[in-house]
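Just so you know, the sequences run in chain order A and B.
Heads up, the first sequence is in the numbering used here, so the first residue is 43 and it goes up one at a time.
Heads up, the second sequence is in the numbering used here, so the first residue is 43 and it goes up one at a time.
In case anyone wonders, no lab produced these hints; they're calculated from the structure.
Incorrect hints may have been included.
[Stated by the list, open to error] Examples of chain A residues toward chain B, derived with CB under 8 Å:
1. Thr74
2. Gln78
3. Leu118
4. Arg120
5. Cys124
6. Phe196
7. Glu200
8. Thr204
9. Val232
10. Val235
11. Arg239
Source: prediction; values computed, not measured.
All C-beta atoms, glycine included, are put in the ideal place defined by N, C-alpha and C.
2 protein chains.
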Amino acid sequence: MRISDLSRQSGVSIPTIKFYLREGLLAPGTPTARNQAEYDDQHLTRLRMIRIMTTVGQLSLSAVREILVAVEEKGLSREGLCRLLSRALAEEPTVMPPEPVERAAAQERVDEYLDHLGWRVDPAGPDRATLGRVLAALQALGWAGDIDAFAPYFRVAEELATQELTATPGDVVNDETAIQFVAQALLHEVALVAIRRMAREHRATLTP
Amino acid sequence: MRISDLSRQSGVSIPTIKFYLREGLLAPGTPTARNQAEYDDQHLTRLRMIRIMTTVGQLSLSAVREILVAVEEKGLSREGLCRLLSRALAEEPTVMPPEPVERAAAQERVDEYLDHLGWRVDPAGPDRATLGRVLAALQALGWAGDIDAFAPYFRVAEELATQELTATPGDVVNDETAIQFVAQALLHEVALVAIRRMAREHRATLTP
Numbered sequence: 043m044r045i046s047d048l049s050r051q052s053g054v055s056i057p058t059i060k061f062y063l064r065e066g067l068l069a070p071g072t073p074t075a076r077n078q079a080e081y082d083d084q085h086l087t088r089l090r091m092i093r094i095m096t097t098v099g100q101l102s103l104s105a106v107r108e109i110l111v112a113v114e115e116k117g118l119s120r121e122g123l124c125r126l127l128s129r130a131l132a133e134e135p136t137v138m139p140p141e142p143v144e145r146a147a148a149q150e151r152v153d154e155y156l157d158h159l160g161w162r163v164d165p166a167g168p169d170r171a172t173l174g175r176v177l178a179a180l181q182a183l184g185w186a187g188d189i190d191a192f193a194p195y196f197r198v199a200e201e202l203a204t205q206e207l208t209a210t211p212g213d214v215v216n217d218e219t220a221i222q223f224v225a226q227a228l229l230h231e232v233a234l235v236a237i238r239r240m241a242r243e244h245r246a247t248l249t250p
Numbered sequence: 043m044r045i046s047d048l049s050r051q052s053g054v055s056i057p058t059i060k061f062y063l064r065e066g067l068l069a070p071g072t073p074t075a076r077n078q079a080e081y082d083d084q085h086l087t088r089l090r091m092i093r094i095m096t097t098v099g100q101l102s103l104s105a106v107r108e109i110l111v112a113v114e115e116k117g118l119s120r121e122g123l124c125r126l127l128s129r130a131l132a133e134e135p136t137v138m139p140p141e142p143v144e145r146a147a148a149q150e151r152v153d154e155y156l157d158h159l160g161w162r163v164d165p166a167g168p169d170r171a172t173l174g175r176v177l178a179a180l181q182a183l184g185w186a187g188d189i190d191a192f193a194p195y196f197r198v199a200e201e202l203a204t205q206e207l208t209a210t211p212g213d214v215v216n217d218e219t220a221i222q223f224v225a226q227a228l229l230h231e232v233a234l235v236a237i238r239r240m241a242r243e244h245r246a247t248l249t250p
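Please model the entire structure based on the sequences and the hints provided.
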C-alpha cells in the first residue's frame, strides 16, 4: 500500500508517519518510484503499536524508541522485556526528593521482603526503589504500617501476572511478538489502574 | 517555627516554600515582624503532603492545587475524594487518538460490565473511558478477548479497595484528613503498579 493508504488505515497522519520513518521507529518501505514507496501489513501493525503505546499507554516517544531499539538489537526474553518496560516507564520525567535517612531503612525492608518472597527482580530495577519511596512517604505521613501491610498486593499481583503470562503467547519469536508483548503489558497496567480507581470510588460509597 | 526551620524540617527549599505561599498551596504563617512569620506543625504537615504528592505520587502541581482547593471549598466525602483524585490524575497531559468505531462498542461493553457488577462509578469519570480505550486498543492489536477477560482485575481491585478503605480512618473530619486520604490513595496506587511490574518480571522468569 502507499503511504496515503497506510495513513488512512492506521489513522496516523502522513507527516507523523514521515517523522517516524525519519526517526527510525518505522522501517522504510520498498521504493517503487522516485519519492514513492510501498508499505505492507507489518508497517501497519508497527504503526498501530507505536500509536497505542504513546496514546493509551501514555509512554513518551523516547521510551517507545528505547523499547523498539532494544527489541531489534537484543531480541529479549519475556523477562528482559518486563525489565525493559519498567525502565522505559521509570524514565518519564520525575523530580525525586532528596533521600532522608528513613528512606534507606524503608528500602532495606522492601529488599528483605522481596528476598523473603523469593521474587527474582532486577536488583537495580526502578520498581524496588519506587516501593521503598512509597513506604518512606507513608511513614512520613504518620502511617505506622510496614511492608507487611502490602502482603495482599504482592499476592494479588503475582496471581494476575501468572494469569496474564499464561494467557499471552509464551514465545517471543520475533520483534513483532516482542513489541506486542510489551504493548499488552502496558495496556494491562493501564487497565488495572483504572479498575482500581473505580473500585475505590465504588467501595467508598459503601464503606461507612 | 520560622520559615528556615520549616525548610529544614520539611527538606523543601525556602524559595519553593515562598512559591507555594504565593500560589496559595500553603496558608500564610502568623506575622511576627516585618517580613517574618511564624509557622506551625500544620504547615509542616501540609508541606510534606504537597511534596509527597508531587514527587512519589508524580502529580503535577496543578493537579495538587486542584485537590487542595476542592478539599478546602467543598469538604468532600471519601467518594468525592476518590473522584477528585481520578480527575486530577486524568488531567495530566495526554494526546488521545481519534476515536474509531470500535471504541464506541468497547466503551459500551465496559459500561455494561460495570452495571452488571453494580459498581457505582461516576458516569462521566475518566476511568471508564480509559478502560474503554484499553479494550479497543487490545482488540486493535488482534486480541480476541472481551471485557470478561478482566474479571480477575475487577475482583482483585474490589478486594484491595475494601481492605484499604477499612484500614484508613473512615472519617474525613477535616481538610488535613481529606488530603491525607488522597495522598494515601495515590501512594497505594504507585505501590500497586510497582509491585505488579515486579510480579510480572518475576513470573516471566518462571513461566515457560
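(message) Hint arginine 239 of chain A vs chain B: min CB-CB distance below 8 Å?
(response) 5 Å, holds
(message) Can you verify the interface hint for phenylalanine 196 of chain A: is its Cβ closer than 8 Å to any Cβ in chain B?
(response) With a closest approach of 6 Å, the phenylalanine 196 of chain A hint holds.
(request) Against chain B, run the beta carbon of cysteine 124 of chain A and see if the smallest gap drops under 8 Å. (result) 4 Å, holds
(request) Go through the hint on glutamine 78 of chain A and say holds or violated, using the shortest Cβ distance to chain B against 8 Å. (result) Glutamine 78 of chain A check fails; min Cβ-Cβ to chain B is 26 Å, beyond 8 Å.
(message) Hint validation: threonine 204 of chain A versus chain B, beta carbon distance must be below 8 Å. Holds or violated?
(response) Nearest chain B Cβ about 5 Å off; hint holds.
(request) Answer holds if the nearest beta-carbon of chain B is closer than 8 Å to that of arginine 120 of chain A; otherwise answer violated. (result) Holds: closest Cβ of chain B sits about 4 Å from arginine 120 of chain A, inside 8 Å.
(message) Tell me if the interface restraint on valine 232 of chain A is satisfied: Cβ within less than 8 Å of some Cβ in chain B.
(response) 5 Å, holds
(message) Hint validation: valine 235 of chain A versus chain B, beta carbon distance must be below 8 Å. Holds or violated?
(response) 6 Å, holds
(message) Take the shortest C-beta to C-beta distance between leucine 118 of chain A and chain B; is it under 8 Å?
(response) Interface hint status for leucine 118 of chain A: violated (10 Å vs cutoff 8 Å).
(message) Interface hint check: threonine 74 of chain A, Cβ to nearest Cβ on chain B, cutoff 8 Å. Holds or violated?
(response) 28 Å, violated
(request) Hold the hint about glutamate 200 of chain A up to the distance rule: shortest CB distance to chain B must be less than 8 Å. (result) For glutamate 200 of chain A, the interface hint holds, since the closest Cβ of chain B sits about 5 Å away, which is under 8 Å.
Going down the numbered hints, you'll see the structure goes against 1, 2, 3, while the others check out.
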